[in-house]
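**Q** Dock chain B against chain A, hints included.
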Amino acid sequence: KAGVTQTPRYLIKTRGQQVTLSCSPISGHRSVSWYQQTPGQGLQFLFEYFSETQRNKGNFPGRFSGRQFSNSRSEMNVSTLELGDSALYLCASSLNARGNTEAFFGQGTRLTVV
Amino acid sequence: QQPVQSPQAVILREGEDAVINCSSSKALYSVHWYRQKHGEAPIFLMILLKGGEQKGHDKISASFNEKKQQSSLYLTASQLSYSGTYFCGTDLNTDKLIFGTGTRLQVFP
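Residue numbers (the numbering used here), protein chains in the order written: chain A, 1 to 114; chain B, 1 to 109.
Bound-form chain A, shown alone (with noise of 0.2 Å):
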């Protein structure tokens, strides 16, 4: 089956602008979660949906934010960019929202702003 899509793969955006990001989970999955990715950071949990709620936010700004449609897909937007935004967007799709099921991620968006 098809794996986490995610789009656009890459973007260059300016300070100021905004962005949307896209995921599309694996079919079947409920929840979907995404992470800021940037060198000795690690993964940095930015929010959780599980049909269609966000059920968990990571400690980010209000500029960054998102929603999941019925379908389960899910995009994330960020307002207002800033030159620290710069950085591997992941998102990862799961079965359901429990902590005893794998994760799947997609191959990111890398966010440039110049």
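Hints are computed from structural coordinates only; laboratory data are not their basis. What you were told as hints is all true, and nothing was included just to trick you.
Keeping only pairs whose Cα atoms sit at most 16 Å apart, straight-line, the calculated EDC-like set for lysine to aspartate or glutamate is:
hint : chain 1 : residue 1 : chain 2 : residue 2
1    : B       : K26       : B       : E66
2    : B       : K96       : A       : E102
3    : B       : K55       : A       : E102
4    : A       : K13       : A       : E82
5    : B       : K59       : B       : D17
6    : B       : K50       : B       : E66
7    : A       : K57       : B       : D95
**A** Coordinates of chain B only, in the frame set by chain A:
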């Protein structure tokens, strides 16, 4: 809340063994282990659950000490393909998987 991984980096020759540790300051429901190769997505290795259940690849070995809130990943007879960055993720029974900063493993011939 972020788990602490040690060591930060490991260099091995093929055939050597390594242990990667992950510790949390809070009681854990589960520990997850993933490996990420450069330019690729992290891939699942193993889940260890409170109570002793484990799910994962047969060739991967790990332990979970619930009392100490620690987990260790054992890489034995390492192969070149083991190279990558290993992340542990911890769940405090909040459905939120928090990852450590990773352990970079390099295996040389």
